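From first to last, the protein sequence lines are chains H and G.
The opening position of the first sequence corresponds to residue 1 in the numbering used here, with each subsequent residue numbered one higher.
The opening position of the second sequence corresponds to residue 1001 in the numbering used here, with each subsequent residue numbered one higher.
Be a bit skeptical, because a hint or two may be false.
[To be verified] Here's a subset of chain H near chain G, in silico, CB distances under 10 Å, partners left out:
| no. | residue |
| --- | --- |
| 1 | T102 |
| 2 | V106 |
| 3 | L109 |
| 4 | D291 |
| 5 | A298 |
| 6 | F366 |
| 7 | D384 |
| 8 | Y389 |
| 9 | L393 |
| 10 | C398 |
| 11 | I401 |
| 12 | P412 |
What the hints contain is simulated information worked out from the structure, not anything from laboratory work.
Note that the coordinates shown come from a computational prediction; the quantities given were computed from them, not determined experimentally.
Cβ coordinates follow ideal geometry from the N, Cα and C atoms, glycine included.
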Amino acid sequence: METPQIEMGGFKVNSPQVPNGGLRPTVSSSWNSRGTVERALKSIRIVVFTSKLNLLMPFGPASIILHFTTRRHGLVFLFSMLGITPLAERLGYATEQLAIYTGPTVGGLLNATFGNATEMIIAIYALKNGMIRVVQQSLLGSILSNMLLVLGCAFFAGGIVHRNKDQVFSKATAVVNSGLLLMAVMGLMFPAVLHFTHSEVRQGASEVALSRFSSCIMLVAYASYLYFQISGRSNIYSPIGNEEAPNEDTVEEDEEAEIGMWEAVTWLAVLTLWVSFLSEYLVNAIEGASDSLNLPVAFISVILLPIVGNAAEHASAIMFAMKDKLDITLGVAIGSSTQISMFVIPFCVVIGWMMGQKMDLNFQLFETATLFITVLVVAFMLQDGTANYLKGLMLILCYLIVAASFFVHVDPQSSEYDFHS
Amino acid sequence: MMVAEKPALGFQQAHAEGEDELELASPAGSPAPPPRKMHSLDFEHIGSLAAVAESLAPGSRWRRALTSVRVVIFQAKINVLLPFGPLAIMLHYLSGTHQGWVFLFSLIGITPLAERLGYATEQLACYTGPTVGGLLNATFGNATEMIISIYALKNGMIRVVQQSLLGSILSNMLLVLGCAFFAGGLVHSNRDQVFNKASAVVNSGLLLMAVLGLMFPAVLHFTHSEAQYGKSEVTLSRFSSCIMLVAYASYLFFQLKSHRSMYSPIGDEEEATEEEEDENEITQWEAICWLFILTIWISILSGYLVDAIQGASESLNLPVAFISVILLPIVGNAAEHASAIMFAMKNKLDITLGVAIGSSTQISMFVIPFCVVIGWMMGQEMDLNFQLFETATLFITVLVVAFMLQEGTSNYFKGLMLILCYLIVAASFFVHVDPDASKYIVYCFVRCMRANWIKIDGLVEMQELNHLD
């Protein structure tokens, strides 16, 4: 969960003492044990009970129970998906809260790394189980969902609310992100085309070696992008003029640190553990769910899984678009896509390298072509810096076409059918 | 439509009306020459109403019909080509073997009909008001291509449909636009011409979405990764076609209702256009009748055209792909071609873009999905899998054109580049054989071999005869 104001470098100096006047004294008084318990209960109340999405939390334990009692993988899958959704949202919230305390730089870094913690955790679990195609497809699906569905819904909702004019956003950021996405597509295309044209030097080993090298390069690129944004150059990426004044209001809204710094860290740890726990059941249930729900595994990985990780971002992007704060929406949607494509994917390759799993960047031709055409369509839509409901509708319809194609798509690797061009 | 205006409209008032109405001219985004002013000058309308009232008497009805025929048929110079139509039909029945001539003649015969159809649609649009006029142009703008496609579809010639529609898109985007930019750039060679970026960008976005819709079935088929071989692409194509039709409908809604002001042409075009386009030369009912007659006539000729394709390919010694992609669209586009060039030379690039790119958008987002749906209803398995070569061609072409249009200026160099790109595309299709047509190739090969064997047999016989001497 990202607050892109932080990413854009145009963010506030943080001090948690502003509206919550009593925060500091409370922290020091919590050092005695009774105060700690009080504090913990208050924290739980704030984090767990004030968010409506947390109604879905019981689905998590329910899915674990189902896993051990029945063999109905379809239900286990669905329940764990529903159970992870509120946890992902709370994880984003905790990250945000922690970012308020840690200052702009570290806050930006935090958002940039933990923004897609859920996808990372699910991917690492799948990688551990050797389900490399699931990793590739779920990360790809997350990129597609962010770029088409989340952005499309946001543009559409914002366009309907502000029907009489085109909404504007900062072109510069969108263009830089599009450039990074295109670079990611390039990084993914070479192993795939190499494999597909049967022109690798050593079959099987070359793509993996190339992928590992490309991943390191992509991580370097992402690190420089972060440095570029967070350090001084980022003043060109400030949101469009008339949003800077209201930024002061937004600054005041977001400055309320509702929980203490150490509580935020604790919650981060707790939520991460809980998400990991549920992810394991989720990943284990994928194959069974595919059989029982009668859907291709590709469809489940590309379309259904990312809905989980993206649900909270989805809601917040739409909300900000309706409030005419398109820069934040773009930061959420496109920033997340950039992060997954330039950070999470290469990171997973490197993790796989360390684990000894042969994860590579060869996403197979169909998926790579899908990503390529999607990045082109989105880059084209964003290049003029305006948004209206027609653009949003077109993006949503493109997502429906993509989803339909994956519905009838069977992974050639999984059918063990070696095809020649 | 305001009927109660006084006939003595001063120039000023007409001018004031004109600016308000010209905003409506371009959003219709018509492929055919743009809808004329929607609120036509009222005294002319009243005049023609009076004429209609007069014409209800039988004698004057004949006079009216003759006037109409004179206006529609004899005033357009392109109608010199009209006799080629009946000639084609005669040839078809007289000589079954000269399919090449039948094809060429029907091709030439349809051209003036297509142009008159566009003219009749335009005239009708003058009467029906901006919205319906825009819709009319948006649906009937490519009536010729639609009719030819539906005939081919009925005959099961699915590849011909796909290739002719693709060729129409390519021809509009590269050839028509290129010639227009080139001609306009030469005439106005001292500066770059400008056009409204917003509309071009929206159209490019739609074209990219169409490419996306076409790419998935093709890549699915090509990577052999469909769930049910043969059936998946068709199902996906049908679903995508419905989605593309929804997108096109919302695009029309967007253009005609909510964002009209975005699409007003560049400043100095507003005053000039209104004075030229006032003439309603035929009445509303005549326009409808002519639409009807021309459609039927085109349908008849299309039938012969489509039947002659295979034979023409053999006798003219050209690949069927080349005929479908390059030659056929020249027919449907000839009139648009001429009008686009004319408007570019008059420095009205927005209208040119509306004609060329609007037509491409209409074919890719409306006619192609519509043909898939029609095929669905007919039971033909038409799908959006245009095979990899054609899809790749469309993809790179859309990219090139979108890139050229994105800055909102044009000059003769851009036009020349687009024309040269078209020549490259045409040349590629000249040497392109459809992989589906492999059976046809085998057939030709066998025929060839047999002919050679007969020759060889003849030689052997001769040698034997020689030996006998």
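Hint check:
1. T102: 40 Å, violated
2. V106: Given a least distance of 39 Å, the restraint on H:V106 is violated.
3. L109: With Cβ-Cβ at 35 Å, over 10 Å, it is violated.
4. D291: 14 Å, violated
5. A298: 9 Å, holds
6. F366: 5 Å, holds
7. D384: 6 Å, holds
8. Y389: 8 Å, holds
9. L393: 5 Å, holds
10. C398: 6 Å, holds
11. I401: OK, holds: H:I401 within 10 Å of chain G, min 5 Å.
12. P412: OK, holds: H:P412 within 10 Å of chain G, min 5 Å.
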